[in-house]
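**Student:** Each chain is listed here by its residues.
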Amino acid sequence: MNAAITPSVALIEPEHEVARRPSFKSRALHNRTFMAGAVMITTIVALVLLAPVIGRYSPVGQDLLHTLSGPSALHWLGTDELGRDTWSRLLYGGRTDLQVGVLAVIFPFCFGVFIGTVCGYFGGRLDSTVMRIVDVVLAFPFYVLIIALVFFVGVGTHGIYIAFALTDWVVYARMTRSGTMVARTLDWVAAAEGGGLSRARVLWRHILPNTVTQAIVYSMSDIVIVILAVVTLGYLGLGIQPPAPDWGSMITDGQNFLQTDQWMAIMPGVAVVFTGIALSLLGDGLADILRPE
Amino acid sequence: MRRILLSIPVVLGVVVVTFLLLRLIPGDPARMVLGPHAPESAVAALRRQLGLNLPIWRQFWAYLYALAHGNLGTSIYYKAPVASLIAPRLALTGSLVLVATFFAIVITVPLAAFAATRQDRPGDHAVRLFSLMGLGMPKFWLGIIMIIFFSLDLHWFPVGGYGTTLWQHLYSLVLPGLCAAFAIVPVLIRSLRVGMLEVLGADYVATARAKGLRPSRVTFVHVARNALVPTVTLLGINIAYLIGGTVVIERVFALNGLGDLMLSSIGVNDFPVVQGVTLVYALGVIVVILITDLVTARLDPRIRLK
Chain U
257 MNAAITPSVA LIEPEHEVAR RPSFKSRALH NRTFMAGAVM ITTIVALVLL
307 APVIGRYSPV GQDLLHTLSG PSALHWLGTD ELGRDTWSRL LYGGRTDLQV
357 GVLAVIFPFC FGVFIGTVCG YFGGRLDSTV MRIVDVVLAF PFYVLIIALV
407 FFVGVGTHGI YIAFALTDWV VYARMTRSGT MVARTLDWVA AAEGGGLSRA
457 RVLWRHILPN TVTQAIVYSM SDIVIVILAV VTLGYLGLGI QPPAPDWGSM
507 ITDGQNFLQT DQWMAIMPGV AVVFTGIALS LLGDGLADIL RPE
Chain C
14 MRRILLSIPV VLGVVVVTFL LLRLIPGDPA RMVLGPHAPE SAVAALRRQL
64 GLNLPIWRQF WAYLYALAHG NLGTSIYYKA PVASLIAPRL ALTGSLVLVA
114 TFFAIVITVP LAAFAATRQD RPGDHAVRLF SLMGLGMPKF WLGIIMIIFF
164 SLDLHWFPVG GYGTTLWQHL YSLVLPGLCA AFAIVPVLIR SLRVGMLEVL
214 GADYVATARA KGLRPSRVTF VHVARNALVP TVTLLGINIA YLIGGTVVIE
264 RVFALNGLGD LMLSSIGVND FPVVQGVTLV YALGVIVVIL ITDLVTARLD
314 PRIRLK
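Residue numbers (our numbering), protein chains in the order written: chain U, 257 to 549; chain C, 14 to 319.
Bear in mind the hints are in silico, worked out from the structure with no lab data behind them. The hints are all genuine.
Partial list, derived from the structure: chain U residues whose beta carbon lies under 10 Å from chain C: (1) I389; (2) L394; (3) T488; (4) V528.
Positions of the beta carbon are idealized from the N, C-alpha and C atoms, including for glycine.
Please model the complete structure; the sequences and the hints are all you need to start from.
**Tutor:** Here it is in structure tokens:
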């Protein structure tokens with residue numbers, strides 16, 4: 257049936273040339289916000305991946321003869337109370353935090369977009385049930401729920417993944433649902449349905465491409481939120497467990513030496529802020545680029 | 014009244030979720046509390062005390078029944094009713110949230126107005142960079158920086174604690190309040206700036222300008238008044254995030270609030286307290302959102318008519 261329709265559509269010649277929108281790549285290259293974010297995030301990822309080469313020390317190797325030393329040629333950012341190299345710990349800590357941040361967003365993104373699309377398109381009892389669940393999850397203060405979940409499920413990386421899998425999908429679901437509800441009233445969707453396409457095909461090829469961009473843009477700020485939460489949990493001792501390096505627990509360690517060695521608490525925070533700015537710029541840029549004309 | 018009725022299912026859902034939290038523990042909660050070396054008889058006794066030997070629907074029924082009588086359970090560590098542990102700490106956390114909300118409004122509104130009236134000029138970019146930095150900043154880290162700068166270097170504020178008199182209370186809540194406010198200030202500024210830009214483009218603003226009103230009068234009377242409703246709505250949406258942030262901030266500034274109770278109970282595996290505190294936080298958020306709903310309805314008659 258589809259095969260029969262396709263050629264006849266192709267036969268209709270456009271009567272005049274429509275000015276084409278520049279390609280995604282060209283729009284991206286000309287968007288300063290996006291490029292700034294992209295350059296920053298590439299730098300961070302490169303640094304973090306090159307940690308074994310440029311870290312120069314093991315992130316967990318102790319040197320009890322050189323504890324709490326200030327920045328020097330040997331230790332660029334100094335050492336902590338166990339003589340561990342701060343620069344190396346910063347790089348390896350970034351590795352863990354970025355990885356956990358990105359991985360923790362994948363399931364909520366996929367599940368939220370899926371359930372949001374289904375609810376927005378079909379409505380009905382499933383829709384109202386899911387939306388009540390969304391309301392309940394959003395009634396909890398974000399950090400209270402995350403801390404409680406991590407405590408009950410079990411402290412550490414796997415607790416973080418479960419906590420975010422249970423809670424973080426609601427924003428994607430809500431966003432995609434309202435996007436889908438708008439999209440299904442549009443003419444081309446009606447045309448696709450009228451043309452006899454299957455529901456799955458309409459959802460996948462005609463609705464999802466229009467709703468998923470918003471979710472992708474949001475996922476950038478979501479990664480920032482998750483990384484902040486991971487760092488915060490680490491600070492509270494509920495996140496990534498020592499001796500594995502993590503920006504949050506590095507700040508906890510540094511807090512004990514605020515009177516004398518302030519850089520210990522400051523440096524990991526600067527790394528978090530830099531990462532946050534990079535991802536936010538990337539998200540803002542993407543929003544500009546992907547915005548329909 | 015209708016709004017209050019609408020929040021009943023959410024309250025019920027919140028109760029169900031806090032009840033289910035306990036089921037998330039891998040293995041036996043009683044064993045988790047007492048540790049791997051406790052004798053089996055002690056574990057069995059605690060299991061009975063917590064009602065874990067009953068079928069799950071009866072446990073839920075007992076939980077609901079107790080809640081309806083204001084009983085949030087008994088602390089394992091303090092051996093006292095959870096409600097009696099929570100009550101004395103509510104005032105501190107409540108004032109912290111109030112102070113933080115106050116700061117959030119006082120910082121957001123002028124900055125957003127400043128940025129919106131200078132769209133795409135240096136002032137606007139500066140405010141946007143400011144909110145961008147705030148978005149990616151861990152608030153507990155900001156608190157530490159504030160302690161280093163304002164308390165250790167300048168000696169303006171105490172490093173932590175709450176003091177004893179009302180004046181000391183307020184004084185010691187300045188830094189934590191600022192810090193908690195920054196959890197939502199960046200988001201508020203970004204949204205309010207966009208909202209104000211829309212209002213600035215509206216016809217009645219052009220009219221106000223055309224009849225020769227001073228620019229400051231246009232900004233504050235015509236623009237700000239109409240941007241107020243979206244601000245309160247936004248505040249309602251984000252207040253949950255702010256309240257959640259205070260848990261960590263209480264830890265940074267050594268304040269004995271609800272968040273401190275939650276974190277210290279986590280440290281000793283006292284899960285009835287963790288459950289109870291989580292429930293109280295969620296109920297608090299529901300009440301606050303209800304209030305902002307009522308306030309927006311008062312500010313904007315159009316919403317009331319819907």
